[in-house]
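> Construct the complete structure from the given sequences, taking the supplied hints into account.
So you can see what is in the structure, the chains are spelled out below.
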Amino acid sequence: MLALAAISLTAPLMLLGLGMLGLPLAAHLLHRRARRVVVFPSLLLITQSAASQSRLFRLRHLLLLALRCLAMTLIVLAFAGPVWLDEEAASLAPQQPAAWVVLLDTSASTAQHVDGVPAAQLLRAAAQRVLNHSVQPGVDVANLILAAAQPQAVLPAMSNNLQPLQAALADIEPTAQRADFPTALALSAQMLAAHQGPRHLVILSDFQATNWADLTNRSAAFTLPADTRIHLIPLDAAPPSNLALAEPAISPPRPLATSAAVITLSLVNHSPRPQATRIELRLDDQPPQSQSVTVDPWQKRQVAFELAAIPIGRHRAQLTIPDHDALAIDNRVFLAFHASARLPVLVLADDPPHEPGTSTYFLLRALAPFQDDRDTFEARLHTTRGPVPPLHDIAALFISDTSAWPEPWLRAVLDYLQQGGGVVILGGDSPLPQNLAALDQLLGRAASPWLPSTRRNLAASHRALFLGQGDWTSPLLEPFDLASQQALTAIPFTRLWNIADLRPEAQIHLRFADGTPALASAPIGAGRLILANFSPALADGDLGKHGVFVALVHQLIAYLQPKQPAQPASIVGRPITFITDAPLQAAGPAPILLDPAHQPLPEASFSLLGESLAVWAPRAPAAGFYAVRQGDRTLGLTAANIDPRESDLRRIDLDQLRQALLHQASQVSTQTLAAQESSGRPQSKPLWGWMLAGAGIALAGEMLLIHHWTRRRAP
Amino acid sequence: MPQLPAQPRTDSGHRYLRPQDLRRLRHLFFAPRRPVEGRYAGRHASTQRGHSVEFNDYRPYVPGDEISDIDWKVYGRSDRLFIKLFEHQADMSVHLLIDASASMAYRGLDHKPADTPLRAESWLSQLPRVRTRRRATADPLANPSKYDYACLLAAAIAFLLLRQQDKAGLTIAQTGLARFIPSQGSFTHLRQLLRTMEHTQPAGEANLAQALEQLARRAGRRSVLILFSDLYEPREPILRALAAFAHRGNQAIVFHVLHADEFHLPDLPQAMFIDSETGQRLRLNVAELRRTYQERLKQHLAGWSAALLARGIDHNVVSTATPYARVLERYLFRPARMR
Chain A
245 MLALAAISLT APLMLLGLGM LGLPLAAHLL HRRARRVVVF PSLLLITQSA
295 ASQSRLFRLR HLLLLALRCL AMTLIVLAFA GPVWLDEEAA SLAPQQPAAW
345 VVLLDTSAST AQHVDGVPAA QLLRAAAQRV LNHSVQPGVD VANLILAAAQ
395 PQAVLPAMSN NLQPLQAALA DIEPTAQRAD FPTALALSAQ MLAAHQGPRH
445 LVILSDFQAT NWADLTNRSA AFTLPADTRI HLIPLDAAPP SNLALAEPAI
495 SPPRPLATSA AVITLSLVNH SPRPQATRIE LRLDDQPPQS QSVTVDPWQK
545 RQVAFELAAI PIGRHRAQLT IPDHDALAID NRVFLAFHAS ARLPVLVLAD
595 DPPHEPGTST YFLLRALAPF QDDRDTFEAR LHTTRGPVPP LHDIAALFIS
645 DTSAWPEPWL RAVLDYLQQG GGVVILGGDS PLPQNLAALD QLLGRAASPW
695 LPSTRRNLAA SHRALFLGQG DWTSPLLEPF DLASQQALTA IPFTRLWNIA
745 DLRPEAQIHL RFADGTPALA SAPIGAGRLI LANFSPALAD GDLGKHGVFV
795 ALVHQLIAYL QPKQPAQPAS IVGRPITFIT DAPLQAAGPA PILLDPAHQP
845 LPEASFSLLG ESLAVWAPRA PAAGFYAVRQ GDRTLGLTAA NIDPRESDLR
895 RIDLDQLRQA LLHQASQVST QTLAAQESSG RPQSKPLWGW MLAGAGIALA
945 GEMLLIHHWT RRRAP
Chain B
-1 MPQLPAQPRT DSGHRYLRPQ DLRRLRHLFF APRRPVEGRY AGRHASTQRG
49 HSVEFNDYRP YVPGDEISDI DWKVYGRSDR LFIKLFEHQA DMSVHLLIDA
99 SASMAYRGLD HKPADTPLRA ESWLSQLPRV RTRRRATADP LANPSKYDYA
149 CLLAAAIAFL LLRQQDKAGL TIAQTGLARF IPSQGSFTHL RQLLRTMEHT
199 QPAGEANLAQ ALEQLARRAG RRSVLILFSD LYEPREPILR ALAAFAHRGN
249 QAIVFHVLHA DEFHLPDLPQ AMFIDSETGQ RLRLNVAELR RTYQERLKQH
299 LAGWSAALLA RGIDHNVVST ATPYARVLER YLFRPARMR
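Chains A and B, in that order, are what the protein sequence lines are. So the working numbering is basically just the index in the first sequence, starting at one, shifted up by 244. In terms of the working numbering, the second sequence has 93 at position 95, counting the first letter as 1, and numbering is strictly consecutive.
Computed footprint of chain A on chain B; a stretch qualifies when at least three of its residues, placed anywhere within it, have a C-beta under 8 Å from a C-beta of chain A:
| # | region |
| --- | --- |
| 1 | 272 to 278 |
| 2 | 287 to 297 |
Sample of chain A residues facing chain B (criterion: CB under 8 Å; computed from the structure):
| # | residue |
| --- | --- |
| 3 | Arg280 |
| 4 | Val281 |
| 5 | Val282 |
| 6 | Pro285 |
| 7 | Leu287 |
| 8 | Gln292 |
Think of the hints as simulated: they come from the structure by calculation, not from any bench. Backbone N, C-alpha and C define an ideal beta-carbon position, used for all residues, glycine too.
Structural data, given as C-alpha cells:
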C-alpha cells in the first residue's frame, strides 16, 4: 500500500487514471481553437469594453477548468481508495517492514449464519482485505494462523510472499472443532517474536464467549512481544438464536439385547425466547421416530426415546432437528452403542472353579446360574497367572481367592477403578493384607475401605457370626426387602478378618453382629471398591449355599456397573480413543479407521489389547461415525459430536477481552467488520466517500457558476 | 416656385443608383437643414439678403446703404427712411466625402467575397433551374457593406442635388484624400461619380482628418460637406478638421454609418475578432461582452453627436439594416437640431 504521510492509498494503480486529466485540458484547448474568426471593422470599442471582461472571461474559464480537473482528480483518488491513517497508524507509514499475523477463527461456531451470510465467509473476506490492503506487498511479512482444535500456521514462518496465504484463505472452511485460542495465540506470539519491527496481530473471530473464556483462564499460556498491536475484528451483528442437540446417551450405558433401553439427549435453547422443534431419531435402518419438544429460553431439556428391543450388535443412532437455524452443524448428534446378550463380569480367582465349596465355585454359579443365554451376566474367569484382559467393557470385577496380585493386575485394577469401574474383593483365603497394601502403595494412599490384619476362625470354637446391622436404605441394599434382609442375616459366617484400620471415608453397608464391618466401600477415582469381610467358600460360612448370595452378587453388580458407556463418544477435534468389540483376526488385513465420509484416517494407530484392538487417532476431524474395519469386517464403532459449547453463540465482552489482552500487547483496538470492509486497514478511516463528495461539490460548483454567468449575460 | 426639371434618365448599369431607387426619390428635395450661402441664385434659403421676390424685413436706413433700397412708400407714410430687405436664395455646392477604409467593407458574418456572384453562378448553374433563377435575381445589395451603403446614400443625394440643379462633388478618403471630383451640376457628372464609387475598393485606413484638410483647401467656400464614415478614427483631429471646414463658411453633415453587427455584436457565443484595419486579434466571449460593448458604443456615439452638434454639424447615425431611402427621408423630413 502506498503511503502518503497520513493518507494511504489502498489501490495506488488507480492513480493511472490521473491521465484522464488530459480530457478537460484537451477539451479546453480544443474549445479555444474551435472559436470562430470574425474580421470586424474595428476593435476600438471592443478593446475598451473587453479590457476587463477578457481577463475576467479567461479567469472564469480557468476557474471552470480547475473545477473540472479537481473533480476528475478527486474521482480518480476515490478509486485509488485513500484512507486516513490515525496518528498511530500513520507512524507505521514509513517503509519499515511490519509483521502481520492474521489469526482466523475456524471453529464450528463460525459456521453460523449472520443475516443470511455465513460468518466464516465474512471473516474470510475480512482476512483477505487485511492481506490485500494492510500488508505492504514485498515489504511486510505475514502469516495466517487457523484457530481450530489444533491451531496451525499456513506457512512455517513469516513470509512476504502473500500469494500462498491468499490462496490458502480461499479454500478455508469452518471446521466442526472448538478452537484452542491460547495455543493459537501462543503460535502467533512465536511467529511475531521472530520479527524485528512493528508487529500486528489481527484476530478475526465471532468472539464466542464460551470459547474465548479459555483465554482469561489460560492467559499465561502465551506471551506476545510487548510492542504487538492487536486488532480485534468481530462480527457486526448480534448473536443469532440457536437450537442445539447435545449429550446423546443410552441408558443403561451397556444395554442388553433382551432389555429395554432409552436414548437420551439434551435440547438446548440458546436464545432469549421459547423454541419449539421436532427431534427425529434414526436408529440404523429403522423407520425414524420423532417427537416435538418446547424448551424455555436459555434452558436445556432432556429428551428420551425408548427402545423396546435392540438387536445384538453395533448400532448407529442419529438424532436431528429438521428445522434450520443459525448454526446447522449442531442440529445433529451421533450415538454409537453395542447391545450384547449378557453383561460381561470378570472374575479373578486362583482357586479351582469347578471344585465344589470354593469361593469361585459359588461365585460363578451366582453370576450365571443357567450357564446359557438366559443369564444376565457372562462370567469371564481369569487367574493372576494369566495375562490381563481388557477391562473396558466389563460390568464389574470380582476378586475371589487369589494369590498375590502381580503388578500388571494391580495396575489394571487400579486403572479400572480410576475410570469408573467397580471392583468387589471377597475376603477369603488370599494374602489380602499384602494385596491391598500393594494396591495402596501403587495408588499412593489408602485404597480399600479397611485394612485386614489377621484371620479370625470361629469354627474352631464352634461358633458363628451373623450379620447384625445393615444400611438397608443405601442404594446398594435398598432392593433388599425385609425377607431378604432376614435371609441375609440368618447366614452364619465362621471365618473373617480382623480390622486393622478403617478409612474415614469408607461407607459400611453391612456389619457383623459384633460390629465388625462385613461389607464396606470406598471411592477410588471415578470407580468404587467394595471389600467384603467374607467369602462364599464353605470354609468361611454358609453364604454360598444360600440363594440370597445370588441376589447380593447381582445387586453388587448393579450398584457398581459403570454409569458411562463402554465406548464414550468422541468430541470433534479431540483424540479418538476406543476399543473394538470384535477381536482382530491375526491373519486378516491391516485394520483401518474410517471417518464419517468413509475415508481412512492415516494418522490412526492401533494396538492389541487382548484379542481386541485399541484405536487411537489424534483428532476426530468431523462429526459422525468412525468405524474400524479389517477387510470387510467391522471391528468397532464410535461416534464423534461437536463440542456442545460451540452451540452457545453469545459473544464475549470485548472490553473484558481487551483488558485480558492488554497485559500482552501495547495496544488492543477493536474495529467492526463493516468499518474494516470500508477502510481495508485497521486504524484507518476511509476517505473515498469524501473524495466523491468533493468531486460532486466541484461539479455542482461548476454548474452553478455556469448557470450564474449564463443568467447574468442573458438579455 | 421654380419648376422642377424633367425626370432624368438613368440606366440600370450603376450599382449604387438603380431605377427602383429613383422612383422612390422622385418626390424628395434635398436641402440642408441650415441655410446655405451660394455663389449663384438658387432655390435654397440663404443667410444672405439679396434681390429675390421674397420679402424678409425692414431696417432703418444708415448712410452707405443703396439709395435704391429705400422703401419710399414707407417714407411717405412715416417720414422715416427704411431699407426693405429681401431673402436671398442661393444655389448649393455639395461635397460627398466617403470613407473607403477597410472597416467600411464590413457587411456582416455571412458576407461573400467580392467575386462571390461569379462563383455562385458557376456552381448555381448546376442546381435546378428554379433555384438558380431565384438566386440569380436576388438583390446583390440586400446585404450591403458599410461602403456600399454610404455609396447608395451618396448617389441618391447626388441624384437629388443634380435633379434640383445643384452641384455635387465626390471625395474618397483612403489614406487621406484618394480621389477628388469637384462639384458640377450635370448628369454626366453624376455617372462619373457613380463610376468612381463603384471602382473604389475599401482598404487600409481612411485618415479622415487629412482628407478633410485637403478637401477644405480644394472645396472653396460656402459649400456643403456630407461625410459618410464609421468614424473609427481619433475624434479630435476629425473635429478640428471639420471645425476648420466650417470656419470657412462651409456647412457639414455627417452620416455615421454602422453595420447592424456593430450595434449589438455578431450573434456568436465566442469568437476570435480581428481588426479589419490593424489586424489586431482578440479572443472574446461575445455574449459576455455584449452589454458592456453596447454601453460603450452608446457613449461613443453620444460623444460624437455632442461634439458635432456643438460645432453646428448634423450627426446622423445610420444602420445598414435600415433601407437607405428611409434614412434619407428621415433626414430630410426631420427639423434641424441647431445649436
